[in-house]
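**Student:** Just so you know, we're using the UniProt record's numbering here: the sequence shown kicks off at 1 and counts up by one.
Simulated from the structure, these hints should not be mistaken for laboratory data.
Certain hints may be false.
With a cut-off of at most 25 Å between alpha-carbon atoms, the simulated SDA-like pairs for lysine to any residue come out as follows [what the hints assert, rightly or not]:
hint, residue 1, residue 2
1, Lys34, Ser106
2, Lys13, Gly38
3, Lys111, Tyr8
4, Lys111, Thr128
5, Lys25, Arg136
6, Lys34, Arg77
7, Lys25, Trp50
Okay, the calculated beta carbon distance ranges per label pair [what the hints assert, rightly or not]:
hint, residue 1, residue 2, range
8, Pro14, Pro51, 33 to 41 Å
9, Lys13, Ser137, 49 to 57 Å
10, Tyr116, Gly36, 18 to 26 Å
11, Glu53, Ala122, 22 to 30 Å
12, Ser106, Tyr85, 25 to 33 Å
13, Pro125, Trp57, 21 to 29 Å
14, Glu115, Gly38, 23 to 31 Å
Positions of the beta carbon are idealized from the N, C-alpha and C atoms, including for glycine.
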Amino acid sequence: MPRLLGAYVQAEKPIRIVISSGRRKTSIARAVIKPGKGRVWINGVPIEIWPIEMARWKMMEPLLLAGQDIANSVDIRVTVKGGGYMSQADAVRMAIARGLVAYTGSEELRKIYEEYDRSMLAGDPRQTEPEKPMRRSARRRWQKSYR
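Please take these sequences and the hints and turn them into a complete structure.
**Tutor:** Structure below.
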C-alpha cells in the first residue's frame, strides 16, 4: 500500500492504533482510530449529538461510505481547533477518511473515497485572500466618482 500523508500507524502488536490529521482553511483536526464498537467523538462530544446537522453529516460521510462492518469495528476520537464550523467539519472528514484508509490498508476504500470526493484524502489548498492596505476587503475598492 502506498504511504498516505497525514495518517500513521502508531501501534501494531497488541492493538492497532492509527493517528491521522486533516486540514481545511485554518482548521486542523487530529483523529485517533482504535478497535472498538463504532463510537465517534468530536472534541469529547459524541457525533450523534453534534449541534450543527449539516456539519454532522459531512463528518459522517467517510463512515457511511466505508460501510457498517468497518464503521462498527473502530472507535474514533477527533480533536479539532481553528476556523469555522464547516471548515472544521471538512478537516474532521479528511482526518477520519485518511485514518480509515491507513487502518484498513484497503486500496478499494481509497478508490471509493477518491471517486466520491477527492478532497477527502487530498485536501483543498484554497485560503482566504488577505485584506490589502487602504481597502475594505481583498478586492473591494472605494467607489470612484467622475462628477
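**Student:** Which of the numbered hints are not met once you compare them with the structure shown?
**Tutor:** 4
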